[in-house]
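Asker: Sequence:
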Amino acid sequence: MNFTVEYLEYILLVFIRVASVVFVAPFFGSSEIPRRVKVAIAFFLSLTVMNQVDYKAVEYAHILEYSGLVLKEAITGIIIGLGSRLCLYIFNFSGNMLDMEIGFSMVQEMDPTTNVNSTITSNFYMYIFMLLFLVSDMHYFIIDAMMDSYQLVPIGGAKFSVDLYHIMVTFITNYFVIGFRIVLPIFCCMLVINIVLGILAKIAPQMNMFVVGMQLKVFVGLVLLFLTMQLFAGAADFLFDEMHTFTKYFVQAMAA
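Heads up: the sequence shown is residues 128 to 383, going by our numbering.
If you're looking for bench data, these hints aren't it; they were derived computationally from the structure. Using N, Cα and C, we set each Cβ at its ideal position, and we do this for glycine too. Check each hint, because a few of them may be wrong.
As the list claims (entries may be wrong) - In silico DSS-like cross-links for lysine-lysine, where the CA-CA straight-line distance does not exceed 27 Å:
{"#": "1", "residue 1": "K344", "residue 2": "K329"}
{"#": "2", "residue 1": "K165", "residue 2": "K375"}
{"#": "3", "residue 1": "K183", "residue 2": "K286"}
{"#": "4", "residue 1": "K286", "residue 2": "K344"}
{"#": "5", "residue 1": "K183", "residue 2": "K329"}
To be verified - For each label pair, taking beta carbons as the anchor points, the in silico distance ranges come out as:
{"#": "6", "residue 1": "Y216", "residue 2": "K375", "range": "17 to 23 Å"}
{"#": "7", "residue 1": "M341", "residue 2": "F170", "range": "51 to 57 Å"}
{"#": "8", "residue 1": "Y267", "residue 2": "G195", "range": "16 to 22 Å"}
{"#": "9", "residue 1": "V339", "residue 2": "H293", "range": "47 to 53 Å"}
{"#": "10", "residue 1": "L349", "residue 2": "Q235", "range": "14 to 20 Å"}
{"#": "11", "residue 1": "F365", "residue 2": "P332", "range": "41 to 47 Å"}
{"#": "12", "residue 1": "E159", "residue 2": "D181", "range": "35 to 41 Å"}
{"#": "13", "residue 1": "F365", "residue 2": "L135", "range": "39 to 45 Å"}
{"#": "14", "residue 1": "L191", "residue 2": "L135", "range": "30 to 36 Å"}
{"#": "15", "residue 1": "V319", "residue 2": "Y216", "range": "24 to 30 Å"}
{"#": "16", "residue 1": "E159", "residue 2": "A328", "range": "43 to 49 Å"}
{"#": "17", "residue 1": "A360", "residue 2": "F170", "range": "30 to 36 Å"}
Take these sequences, add in the hints, and give me the full structure.
Answerer: Written as structure tokens, this is what we have:
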């Protein structure tokens with residue numbers, strides 16, 4: 128194939144979608160990975176996509192229409208990567224909820240993957256999830272989903288319909304439900320401890336319930352956190368299934 132201006136324009140659109148996925152998706156979009164490395168990954172993945180997708184000249188009337196195609200491809204890539212990225216934040220949300228109950232929410236540290244302040248348990252959950260993410264080869268799934276998206280949503284063919292909005296609302300609803308389910312056992316135990324401490328405060332007002340309660344909640348919370356770690360793999364596996372499902376729904380909604 129002759130290297131023409133039209134072909135270069137097509138390559139640019141492919142690169143825009145791939146780069147959007149790379150910069151948003153878990154692991155690939157981590158701030159610990161330098162931007163130059165991300166651009167290099169997106170470039171080589173774009174070359175792979177070009178070998179798998181049939182070339183079709185991009186038709187546009189003027190530069191503004193081509194700019195619209197660039198923006199559309201960027202949004203398409205962001206949506207594809209967003210389905211997996213939000214699953215990562217579910218554990219972040221669960222860790223923050225847990226630290227609010229235990230009393231660790233006052234301790235904040237920088238999360239290098241997101242460049243925002245997070246609690247200790249939130250960062251711990253995020254790193255465990257990322258480890259399971261790599262062990263389960265979910266990073267290959269993101270690449271496969273990106274490759275398959277060109278079959279359903281060709282260059283410039285994305286449609287942002289109302290169905291896509293409904294899918295996002297459903298996903299965000301499930302986001303909070305799953306996040307609460309992960310910390311529900313510890314949350315219930317902390318609720319029982321708060322009730323017991325409230326009763327003791329009435330029975331023995333001379334006791335310093337603030338000091339006793341804080342130490343007790345930290346101790347019980349850490350023990351429960353250790354005991355519930357065996358359930359973490361099952362929760363991550365469930366989230367990976369949700370990641371598969373909603374990423375597929377996102378792509379199908381844009382192809383409708």
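Asker: Work down the list of hints and note, for each, if the structure agrees.
Answerer: Verification of the hints:
Between the alpha carbons of K344 and K329 the distance comes to roughly 19 Å, so the proposed pair stays at or under 27 Å and holds. Using a Cα cut-off of 27 Å, the hinted pair K165 and K375 holds, with the two alpha carbons roughly 24 Å apart. As the CA atoms of K183 and K286 are separated by approximately 18 Å, the hinted pair is consistent with the 27 Å bound. Under the criterion of a C-alpha separation no larger than 27 Å, the hint pairing K286 with K344 is inconsistent with the structure, at around 50 Å.
Restraint check: the Cα-Cα separation between K183 and K329 comes to about 76 Å, which exceeds 27 Å; the hinted pair is violated. At roughly 20 Å, the beta-carbon separation of Y216 and K375 lies within the given 17 to 23 Å, and the hint holds. The beta-carbon spacing between M341 and F170, approximately 52 Å, falls within the hinted interval of 51 to 57 Å. Between Y267 and G195 the CB atoms are about 32 Å apart, so this pair departs from the stated range of 16 to 22 Å.
Distance hint check: the CB atoms of V339 and H293 are about 49 Å apart, consistent with the given range 47 to 53 Å. The supplied range of 14 to 20 Å is met by L349 and Q235, whose beta-carbon atoms lie about 18 Å from each other. Separation of F365 from P332 is about 45 Å and conforms to the stated range, judged on CB atoms against 41 to 47 Å. E159 and D181 have their C-beta atoms about 36 Å apart, which keeps the hinted 35 to 41 Å range intact.
The hinted window of 39 to 45 Å between F365 and L135 holds, with their beta carbons roughly 44 Å apart. Our hint of 30 to 36 Å for L191 and L135 is violated, since their Cβ atoms are close to 19 Å apart. Distance hint check: the CB atoms of V319 and Y216 are about 29 Å apart, consistent with the given range 24 to 30 Å. Checked against the hint of 43 to 49 Å, the C-beta distance between E159 and A328 comes to roughly 46 Å, which is consistent with it.
Hint check: A360 to F170, Cβ distance near 35 Å, so the stated range 30 to 36 Å holds.
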